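Visitor: If you read the sequences in order, they're chains A and B. Under the numbering used here, the first sequence has 60 at position 60, and the numbering climbs by one with no breaks. Going from the second sequence to the numbering used here is simple: count from 1 and add 1000.
Simulated from the structure, these hints should not be mistaken for laboratory data. All values reported here derive from a predicted model rather than from experimental measurement. Ideal Cβ placement from N, Cα and C applies to all residues, glycine included. Check each hint, because a few of them may be wrong.
What the hints assert, rightly or not - Cβ-to-Cβ under 10 Å is the rule here; a few derived chain B residues that face chain A:
#1 Arg1104
#2 Asp1107
#3 Val1145
#4 Pro1148
#5 Ala1158
#6 Glu1169
#7 Gly1172
#8 Thr1176
Residues per chain, in single letters:
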Amino acid sequence: MRSIILAGALAAAPLAHAAAQSMRPFTTFRQLHGESRLSAKLDFAAGELRIVSGRSDELYRMTLAYDADRFAPLSRYDAAAGAVHLGVETVGGAGLRVVSGEQIKQLAAVELSPRTDLTLDLTLGAAEGNIELGGLRVSRLALQTGASRTAVHFSRPNGVRCSSAAFGAGAAELVVTGLANSRCDRVSLEGGVGRATLDFTGELTATQQADITMAIGELALRLPRGVPVRIRTDRLLSSFKPSGLERQGDAWITPGFNPAARHLDVTLRTAVGGITLEWVP
Amino acid sequence: MRPHSLLLAAALLAGAPAAVRADLGRGPEERIGHVVEVVRDFVVQQLSPAQHPAPQAIPDAPGIGPSVDLSDLSRPAETERAIREAAPHPGPNLRLTVPNGHARLGDFTIGSAETVTGHLLVLEGNANVYGRLLGNLVSVDGNVVVHPGGVVSGDILALRGTVRDGGGEIGGEVRTLSAAAVPPAPAQAELSALARTGLNAAGIMGVFLTLLTLGAGLVLFARPNLEVVSDTVSHSFGRSFVTGLLGQILLLPTFGMLVVGLVLSVAGILLLPFAVVVYGLFVIVGVVGGYLAVAHAVGETFVRRRMARGVVVGSPNSYRYLLTGLLGLFALWAAWALFGWVPIAGDLVRGAAVLVTWLLATAGFGAALLSRAGVRASFAGRLVPPEALTDEYLWATPQFGVPAARRPDGHTPRGTRRDDASR
């Protein structure tokens, strides 16, 4: 049903952007021919990007409305490497153009196979991202955002164990929810200037280690009640209120914390800004 | 009977292509989605049948004639450009080479018992694949349908068309690049010299009236400040220009320092949006206000010189100075509006107008900075004693000789007589 809604939204997109100079629709997909792994690299410089779980008989699908004056669609599959490169690449046409933001808003919807183990490498520029990875089989995730607002959701448990989820955010707002559902052993965030929210709710199946570095900005950690948590901090000029935690050496831990049991281990390195903790039932 | 089954039955009864039957093995959601797609395509096809040329093969171009390589379709926009260049007007006389492949004009079908080896380009026609194509398939202004049992071993690219997977096997990627949602606006027609002159004049007049209105407001509400900035320009033009130039150079670094400083102060992050807006307003007010002060200074100088020559001036006040100065400053722009259509001279006049405007705006901005927006009169030549000012007036308004004799009696401007000045 989600695919139908998404297709409807994208079908209506050209109408919404009717005033645009030359937004072109582009679609690409590949049938699933028994591939068990896919390394997907996605570059999206500007606009709005959505990623969701796709059809079971397709390896991937991208539906795009792009600004033909400045960008060209990119869709290259390397069968030998089991890798696909999707997105838009910049072509000429630089310079100042005075139009409203809505007129030149590119829109991309990417659907990925729920049957294939995925290695995702996402690079977003000045883009708005809404990435739903719940129900997919993500074995590794790397997300690099520039001046963007990006939300990553693991609304359902990941289909496979994930080695790492690495997030890099420039001057951005980043929200990641359901990190426990990601089943990633390591979660890392390299934040520049901006705001980041990491939500560790979900179904924690193994000890998860989170390394978080924020230069300037706000960091909000949403932690599930009942899950043992240990937080180590290395702060310069940032505030941190360890509500609900107690001190143990150089770390803050939840009462009754046992390092041998499954737990969440967070290391925070922040320069300037504020860190807030929120406990989620 | 469930809803998706009803839909499926309706589609079959309506005579939808047999491809629908291939959906029977899919999941309910996919089946519904695909049936809707098929029915839509069918209805569209029936309502607006495409007019395609008679099917025919396109012979290879002789020698180094037009050629299109279809081996890499990963950049569809480039492929489209290459095809457009090679076959700008597809027709029976077209000659086109497809390395390791074939080109066709009009509808083309690969029968279920056929195998076509090599890439296939179909121009202005639909491609129906029931058999096997061992290569890539590109269609231009037509649709591609891979029917049940049909095989395309490579990629498919439909330019300004659609691809429908009716249950066949596609080994590579499927891409569709549709026409732009809105075609690019046609090139603007060349305007006549008269129309260009009218447009330019209207633009100049609009800017002039806007500045005049702003200037009148400035005189009304901040006259002392305007006069101090204006006097600073008059008395310290070089210093004002250099200050303005430095100010322009330092605008961005200062802005950067402001932002970084506010961010580093943590609490200042909240003030950042306001600071950005205020900084922008400050710059605009500095530049526009400075420019108006320059206009005021020019007008004042001009009016006083006329008065010095004995010309009767109705009411020498700041409004008049501003109007006169703006008229003077816009003289070059008026010349451009009138003669901008002249090929080289027009550009030269515009260049001169831009240069002079920048020069004066820079000086005005510098004067605004030097005088702290008209608060500080250090460089405004106002530190001289009143007696000296009186002498200056006396110098500017000859009391003896021929100029004085020519001046009509009883019309000596106020404040220029010795007895006025000594009051």
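Visitor: Each hint needs a verdict: does it hold in this structure or not?
Guide: How the hints compare with the structure:
no. : hint    : result
1   : Arg1104 : 23 Å, violated
2   : Asp1107 : 22 Å, violated
3   : Val1145 : 15 Å, violated
4   : Pro1148 : 14 Å, violated
5   : Ala1158 : 9 Å, holds
6   : Glu1169 : 7 Å, holds
7   : Gly1172 : 7 Å, holds
8   : Thr1176 : 5 Å, holds
Checked against the numbered hints given earlier, the structure breaks hints 1, 2, 3 and 4 and satisfies all the rest.
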